[in-house]
Every structure is written in C-alpha cells, then in structure tokens.
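> Residues per chain, in single letters:
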Amino acid sequence: MIDEELVQLLTPEGLRNVNPDYESTLGRDEIVGLYRDMVIIRRLCNESTSLQRQGQLALWAPVQGQEAAQIGAGRALAPKDFSFPSYREHGVAWCRGVPPEDMLRVFRAVTTGGWDPQKYRHSVPTVVLGNQTLHAVGYAMGVQRDGAEEAVLTFFGDGASSQGDVLESFVWAASFNAPVVFFCQNNQWGISTPSSVQSRIPLSHRAHGFGFPGIRVDGNDVLAVYEVTRRALENARVGGGPTLIEAYTYRIGAHTTSDDPTRYRIDAEVEVWKHRDPLERVKSLLVREYKVNKATFEKVAAEAESLALKLRDDVLAMGRPDPITMFDHAYAAPHPLVDEGRREMVELGISGGSH
Amino acid sequence: MASTTMTMAKALNEGLRRAMEKNPKVLLMGEDIGRLGGVFRITDGLQKDFGEDRVIDAPLAESAIVGTAVGLAIRGYRTVCEIQFDGFVYPAFDQIVSQVAKLHKRSEGVYTMGLVIRIPFQGGIGAIEHHSESPESYFAQTAGLRVVSCATPNDAYWMIQQSVEHDDPIIFCEPKSRYWEKGEVDLEGAPRGLFEAEVRREGRDVTVIGYGSSVKTMLRAADTAELEGTSLEVIDARSVAPLDLDTMARSVQKTGRLVVVQEAPHTASIGSEIVAELTERCFYSLRAPGLRVSGYHVPYPPSRIEDDFRPSVDRILDAVDRTMGYDS
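For the record, the sequence lines run as chains A and B. Here this note's numbering is used: position 92 in the first sequence is 92, and no number is missing along the way. Here this note's numbering is used: position 207 in the second sequence is 207, and no number is missing along the way.
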C-alpha cells in the first residue's frame, strides 16, 4: 500500500511520519475531536446497518473504513464553504452539522432529500454517479462571480471517476480556474468492480492531464487527509484554482446492505485493511504522545452509544408520510397536472388534504 | 405605440438583453455564444456588452453546460443555457432529467432551479443529421420540467424573458426555421401568460393545434382551406408542458373536429397527449376522432427530402378532409 507519493503523517501503528510538504497543525484537543468524530460516525453507521437488517431501513450504505477520509475532509471545511456529496458521505454530513436522523431519512425511504442544504452548506445526496461534481464547479463559478473567498468541496469515488460528468467537471474547473476541490475516495471497489478497471494509473495522476494538481493521500490517516484538504481549500479560496485529492482507502463493509462482497473479494484483503484501521492509529497516537487516559476514550464511546440509541428512536418514530406530500415541491410554481393529481388523491380518499 | 418589426432571432436577442439588464444574476452559457454570438447569432453582441463573466463561452460539453448551471442556480444565479442544436442535447439529458427536474423536490423546496435551456429545434433549414430534431416529448414526460415554444417574434421576445424570471426550469424550444422571419414586437405591452395557448385564427369547422414552426404552416393551410370553403381555427399551443387544455377544449367544443400538427413522430408525442386529453374533455362534442399530422416514424431524413417528412400544407389539408369526412 505505501508508495512514495502517498501523503501519510501517521502510520498504521500510530507513529508520526515526517513529510517534507505537509506538517500536522493539530494539537491534542483537536486530534481528540477527530477521534471522537470517527468513533461516533462508525457507531452510527453500525446502528444503521442493524436498523436495515431489522427491516427499519430500505437500504444503508456503510462508511466503515472510510471514517478518516470523510472526517479529515469534512473538518477541513470552513463554515462558509459548501460541499457536494454523493450518497455515502455520512461522515462529512456529520461534520457539517446535519443531524444523524436527517441522514437516515432517505434510507428510511420517507424523503428523497433529508436536510436543508443551505442551512448546513452541504448539498443533498446525489445517487447518479458524478452528477454532483458539475454542480460543485457551477457553484464555485458563482462564488467567483460574487468575489467571495469561499471554496467548494465535492466527493465521489473510484467508480464515479469513470463518469463523463466527473471528467467534464475537471475540464470546467481548469478552464475557469474554479475554487473547487475534488475529493475522490478510492475505496478500491465500485460494488464488484475493482479500481484497477477504472484506471491504470493512480487516480490523482489524472489531474495533471487537466492542468491542475493531484495529490494522493493515505485516506486512513485523518491527520494527513485534514492537512491536504485544508491546504487545497485554502488555495482555492485565494484564486489558486482546483485540486484533485485521491484519498486511498478501503471499503471494509459492503457497497450497500443489498451487496454481498464475499462474491467478488477475498477475506484476506479485508483483513489486511482492518490492520490499517483509521481509528486505532489515532488512538495509539493519543495514548503514546498525549497520554490520553482510558476515561476519555470511555467517555467518547459512551457518547457514541447514546447517539446511536437516539438515532434508533428517531428512526423508529419516522412514520409513513402522508401520500399527498408527493405533490409538494414537484414544481416551485403551481402546475395543473400536480393540482389534478392532488385533487384525485383527496377525492379517492387516499389523503385528507394538502400540506 | 412601442411596436417594432424584427426577426425572431433579433427578438430573442433583445429579450435576453432585457432579462440581463433587469437582473444582474442572469447569465448566459453555451458553445460559441460569446465572441461569435452563437451559430444562429441569437446572443450577438451580448458578451461585448455584459462581459465574459455573464456571457460564458463554454467548453464543448453539454452535460457540463447544464450541470454547472445547476450549481450556479444553487448559488442564486439564473443561467440561460444554449444547446447549439436539438440533436446535441442528449449528452445533457442525464443532468436535465436527474438533476434539473428533481432538485427542487429533493431539496424539499430549498433549491430553486430557475434556469432556462434554449434548444433550436425542428427542421426546415437544409441541415445535416442531428440538426433538425424535435425532442420536446422527452422533456414533457419528465415531472419537474416545463417546455415552451415560441412561434412569432413577439412571443420570442416576451416568452424568453418570462422563462428567465420563472422559478421552475424551462426547456425553451426555438423553431430555427423561423429565426429569420420578421414580425411585429410590442415592446411595452403586457404579455400573454407563458403557459397559455393562443388562438391565432378563429374558425368554425376544424380546430388545428400545433406549435413552433408548425404554426405558420397551419395558418397557410387555413388560408387554402378557406378558399375551399372550410374554416379552420388555428391554435398555437405555445406551452407544450403543461398544455393549456382549457383554451383548446373551448375551441374543440365549438368546432367538433381536431387536427394536431407537429414535426415529431406521433408515438407518445405531444400531439398524442393533446388528442387523448381533448377526447376525454370533449367526447360529446367531437364529430370525428382527433387526427395527428406528424413526422414519420423514421430517423430525421436527409434534408433534400425533409419537406416530405415535415407536416406540409397539403398533409394538413388531407387530415382536415379526412376529419370532415366523418358524418355525424
């Protein structure tokens, strides 16, 4: 796994790694904070998988193994920045302040959105691969026209890297020098398709062909991801243009709860990556370097546990929406066919009335 | 009386200019629209006057033209995208159908997808393949979109401004064969509603409905029919999604006969929808089944023979004769 280009500040064993270009700027409390984020998001993810297995969610897309990539990137964002996720960025949503229960509304199949994207400055989930990268570039072009010092961060995976929209977004970002950072989580598997089928070179190298920097970072090293992303966003804010970050990581779990990864990959590979766990290395660092005590870790675990229980309660409380709500927000302005549908639903007694 | 004569191309240009003057958040984006003024010169001179930041010469990728317009909309801009020709809109189809049409809903009303996608459509200019298509039904089928088409310079001038101001995404179909035809434009009058049909010519015997390039063909057919003693009422649909069925039904209830004209093939078309809706609404008034005069169910032909593909005056009159032949 370790190659010379890979930016890594913390080894899987939790030892500091000196990098000539990047230095960790974070102190004890901030690293404890990142650790807490990762513990919480892993616990919430496991609770969500359980909820799906118990028939309470239609689907779940697990994030296990990618916590460092998402938390490192999410915490690098400034409050005024805007982020455009795909559908697996639960860790980023957490960093943006999206309530966990809102993240699960889509998976409970009670909505197609879940949260107010302007409030959290984090867009709604995008399921069609790569579509959101163009939205990010367009938004960044708006930022330029406003003369604002803001950056845009967009997420996609190794699978989506083959999509035309992603490549077009690279062209646009380069042509207009847009303040956007492309964050590719290379978790090595697009359902059953290995990343070797998507690209014969490291994905970060693609950026060079489009005329902007591409950086490969150890996606399981939250310190490295944070520093690389923070610097790319800073560069974008001051007119330095786009950057592609490839976070080299691994999807420990299934693509979604509908997937069976034992059909296409071997257990030994998963075991190797479990030894590169993003949480354990930070814990080792905190114990060794900062003498963080057991009570602190227990407190984090307890907080994660109570958030998981609250999430369960919140999800179970989400009932079936009134069918009439399907007509809400189909259009911004009144539309005769929407009105006709709404009227029919009331006449047939399917719903009591409008919302 | 602030009325002046201009071509549809000029009317669109003036309408876009006025929309940009009114709202600094209005942008134009498309291929060759800046320095060149667009391949049809619809945006001629606008980059010079509004700058490269507002009239954006795009790299050549339609999905990105629409996809970045979505991001600009999220940021509060209103982008008018120019698709160079109808046959080039399909690379953007995914963004239009999956994102433009659905993001207002997906964001539970937070995002306003106020953007316009201008498509020069229909044939009649002697072009090569992919330059003469009628893709409007693809978009009409998709909830979240609205589809309109102008048939006169006056409508072009007003409808493009109304589309820019509208909060829903609008597919704006421009009949390219009519770009260079002149007409009166009332620069100050109150425009007709964007989604209202207009009776272009009153008549007694048969209601003939169409849009875009077909409107002029229908009016010519009405002239000829009148010489033969048949009175056609000609309706310009203007909005094809949603359809102004009230205006259409009023006419059919009067005439009892219906012919719909379109360049698109008729299977699952706007014309099919008009016939189905009016059959339901006007069943007891109809004296004959509604007939469709359409393009044939073949890929758009080489343009040397396109006039035998597009609905002609003769084919419209043939349909009028057939509908008049039903006795009741």
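Note that these hints are calculated values from the structure, not bench results. A few of these clues could be false.
Label-pair restraints from in silico Cβ distances [what the hints assert, rightly or not]:
1. A:193 / B:186: 48 to 54 Å
2. B:109 / A:275: 42 to 48 Å
3. A:175 / B:186: 48 to 54 Å
4. A:200 / B:182: 44 to 50 Å
5. A:347 / B:276: 16 to 22 Å
6. A:347 / B:220: 53 to 59 Å
We put the CB at the ideal spot given by N, CA and C, even for glycine.
> Take the C-beta atom of residue 347 of chain A and the C-beta atom of residue 276 of chain B, compute their distance, and say whether it sits inside 16 to 22 Å.
21 Å, holds
> If you check the beta carbons of residue 347 of chain A and residue 220 of chain B, does the distance land in 53 to 59 Å?
Since residue 347 of chain A and residue 220 of chain B have Cβ atoms about 44 Å apart, the given range 53 to 59 Å is violated.
> Please test the hint of 48 to 54 Å on the beta carbon pair from residue 175 of chain A and residue 186 of chain B.
40 Å, violated
> A range of 48 to 54 Å was offered for this pair. Does it hold for the Cβ distance of residue 193 of chain A and residue 186 of chain B?
59 Å, violated
> Can you tell me whether the CB distance of residue 109 of chain B to residue 275 of chain A sits inside 42 to 48 Å?
47 Å, holds
> Is the gap between the beta carbons of residue 200 of chain A and residue 182 of chain B within 44 to 50 Å?
58 Å, violated
Checked against the numbered hints listed earlier, the structure breaks hints 1, 3, 4 and 6; every other hint is satisfied.
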